[in-house]
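**Student:** Let the hints inform the model, and build the full structure from the sequences given.
Here are the chains, one letter per residue:
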Amino acid sequence: MKDCYLGVDIGSISTKGVIIDDNNNIITKAYIWTEGNPTNAVKKLLELLKKDLPQNCQIKGIGTTGSARKLIGLMLKASVVKNEITAHAIGTLTFYPNIRTILEIGGQDSKIILIKNGIITNYAMNTLCAAGTGSFLSSQAKRLGIDVEEFGDYALKSKNPVKIAARCTVFAESDLVHKAQVGYPKEDIIAGLCKSVVLNYLNNVGKGKKISSPIIFQGGVSKNKGVVKYFKEILGADIIVDENSHLMGAIGIAVLAKKNKTGHTYSLEMKDLKFQTKAFECHRCPNTCELLKIYRNNELVDSWGSKCGKY
Amino acid sequence: MTKIAFPQMGDYYIPATYLLSHIYPNDQVIKAPKITSKTIELGTKYSPEFVCTPFKYTLGTMIECLEKGAQILIQMGGGCRYGYYAELQEQTLKDLGYNCKVINLVTEGETNIKRINKLLKQINPKYSKLKTIYYGFITMKMIKYMDTIDNYIRENIGFEQIEGSFESLKEEMLIEFSHIKNYHHLYKTYQKYLKKFHKLKTHKPDNRLKIGIIGELYTIMEPFSNYYLEKSLAKHHIEIKRFTNVHYLLIEKPKEYKKYKKYAKEYFHYCLGADASDNIARCKYLCENDYDGIIHIKSSFCTPEIGAMPIISKIANQYQKPILFFSFDSATSKTGIETRLEAFYDMLEMRKEK
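Protein chains in written order, with our numbering: chain E, 1 to 311; chain Y, 1 to 354.
Because the hints were derived from the structure by calculation, they are not lab data. Beta carbons are placed, not taken as given, at the ideal position from N, Cα and C, and that holds for glycine. A portion of the hints provided could be inaccurate.
Unchecked claim - With a straight-line cut-off of 30 Å between C-alpha atoms, the simulated DSS-like cross-links for lysine-lysine are:
1. Y:K204 x E:K210
2. Y:K144 x Y:K94
3. Y:K261 x E:K307
4. E:K307 x Y:K121
5. Y:K204 x E:K278
Said to hold, decoys possible - Taking beta-carbon pairs under 8 Å as the criterion, some of the chain E residues facing chain Y (in silico):
6. I120
7. T121
8. M125
9. T288
Stated by the list, open to error - Partial list, derived from the structure: chain E residues whose beta carbon lies under 7 Å from chain Y:
10. V81
11. N83
12. I119
13. H283
14. P286
15. N287
**Tutor:** If you want it as structure tokens, here you go:
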């Protein structure tokens, strides 16, 4: 039997899963939309992963990361539950041990991680603002009537990208509408959008950070060739984009699961699992905490949100 | 009979209630309810949007006190916008239709005995000066003892063997402190609890992580406003060092500030307002000593700390120390804080291992 490890990264927009072996080779991988329902998405993800998994493999560790890491960690009984910053750094360092800067733009958040001698030295994450993230790009793509997947190709066609007010999503959107109504060609507007994402990222998250080569670009937005092009242009440096750049968080958490072996064998049979959450508001004190109770097969496994520790 | 109240901050309501109830034995001191989500909701509703968050918290508790029947509210002032809180809050409360008086005991960061005498007379003209001096002294000592024990707790709570042993003992101590009869009694109680705290079993490994917390005074001292940062650090088994407490602000600050100024003279010449320059020197201290990381916390829109932040991050860069900045607002999401804190903790662990 071959030992292998599952890593699941449940983001706000997409859910990613990989299964790796002892030598960090990817056995299977899957990428689907979360669609606001992380438990269902993970069930679907596991079905996809199981289909491609060879018979002689057994899961020896499970790790979860991403914004729904705690919930899915409970559901899968994961051995490692870690934040996405650590997971991305570990994943990248496994394949690129000399990397100095990780740029990451995901669906709802963006991060920058600085690394020196294989250790994280500094990091930053966007606060309160979706400007310069994947969800901004996808909503604008819808407005322009194009698939997000084609976005990059359109952007590369343009020779003269329009300037779009980059600082804020709301301003950018009204500026974009204006530019479209005035009659600028679609390619130029899309190229301008890609450029604005880059500028926004560097002004917001990358502010005051020393970006040194080699640089790697990750997250769903790294699949957009237009954004990559403008990162190269503005930073004046080469940018590495791995073919698995969108899976790096999942790979990282799988590597961490491998490191923290429990000796337990995990099952991927989740189809019949009843996993429920019940929300209610506690009125015992003026805090009015929003509480969430989590049931696994009708058995209470955890409850969150209490400030006083009563639940 | 007048009903006196004051805004809530940490556990300091105990010495403050003690002092006021002894100076004005014929008046009633109303204890502000513990800060909850309702407090900050009330405060945010009636505050200007871009005012610093402590204003919102204190305004919230003031409204809650007024609902309980308070007539006179006591507010302190500081060397920053905090100095204008009292006047502004009085006006806001009057506009809301409350009939109250806000007394500012410290203006422009300075206390003056003559002025305090005048202000105390406003609350009740028949107060005894001698008693005030005597009970003022006891209160000062009480604050000092509380802070000393708090420092000990901060260094050890992450390593307690029985979960909750430190917290329950502290609560026991605070209850006894609020029923102190005289100075001798206070001293005896303090000694008793100091021994008890030292007897609590801890397991402190040699390679433990040590973090220094610096930043804006209210946010650092009121655990609700920093989303129980110290508690979550203790859960990760981290030793915590914190400089700011009320004893420091009232007694030690003038002397310490001179020392700090000399110690960090390459970074600042002039006072940046409030605690900002102190924090620069503390940052240097933490970098030069064996601390693994620094966390700087402030409320949103805190101007002195905003001025100090670039200098602090420069010092941290020079010494290659990891630093994490937090800015707390009424609308901050807890998940975001947790993710950053977890990543910070992982980063420190990784550095320690290498």
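**Student:** Against each hint, give a clear statement of whether it holds in the structure.
**Tutor:** Status of the hints after comparison with the structure:
Distance hint between K204 (chain Y) and K210 (chain E) is unfulfilled; the C-alpha atoms sit about 37 Å from each other, more than 30 Å. For the hint pairing K144 (chain Y) with K94 (chain Y), the CA-to-CA distance comes to about 36 Å; that exceeds 30 Å, so the pair is violated. Between K261 (chain Y) and K307 (chain E) the alpha-carbon distance is near 40 Å, which puts this suggested pair outside the 30 Å criterion. Restraint check: the Cα-Cα separation between K307 (chain E) and K121 (chain Y) comes to about 41 Å, which exceeds 30 Å; the hinted pair is violated.
Distance restraint check for K204 (chain Y) and K278 (chain E): the Cα-Cα separation of roughly 39 Å exceeds the 30 Å cut-off, and the hinted pair is therefore not satisfied. Annotation: interface hint on I120 (chain E) holds; nearest CB of chain Y at approximately 4 Å, less than 8 Å. Against a cut-off of 8 Å between C-beta atoms, the interface hint on T121 (chain E) holds, since the closest Cβ of chain Y lies about 7 Å away. Because the beta carbon of M125 (chain E) sits about 6 Å from the nearest beta carbon in chain Y, less than 8 Å, this interface hint is met.
Interface restraint check for T288 (chain E): the shortest CB-CB distance to chain Y comes to about 6 Å, inside 8 Å, so the restraint holds. With 7 Å as the threshold, the beta carbon of V81 (chain E) stays out of range of chain Y, its nearest partner Cβ sitting at about 10 Å, so the hint is violated. A distance limit of 7 Å between C-beta atoms decides the matter here; for N83 (chain E) the minimum to chain Y is near 4 Å, and the interface restraint holds. Interface hint status for I119 (chain E): upheld, as the beta-carbon distance to the closest one in chain Y is roughly 5 Å, under 7 Å.
With a least beta-carbon distance of about 11 Å to chain Y, the hint placing H283 (chain E) at the interface is violated under the 7 Å criterion. The interface hint given for P286 (chain E) is met, as the beta carbon of that residue sits about 4 Å from the closest beta carbon of chain Y, less than 7 Å. Taken as an interface hint, N287 (chain E) checks out: its beta carbon lies about 4 Å from the nearest beta carbon of chain Y, inside 7 Å.
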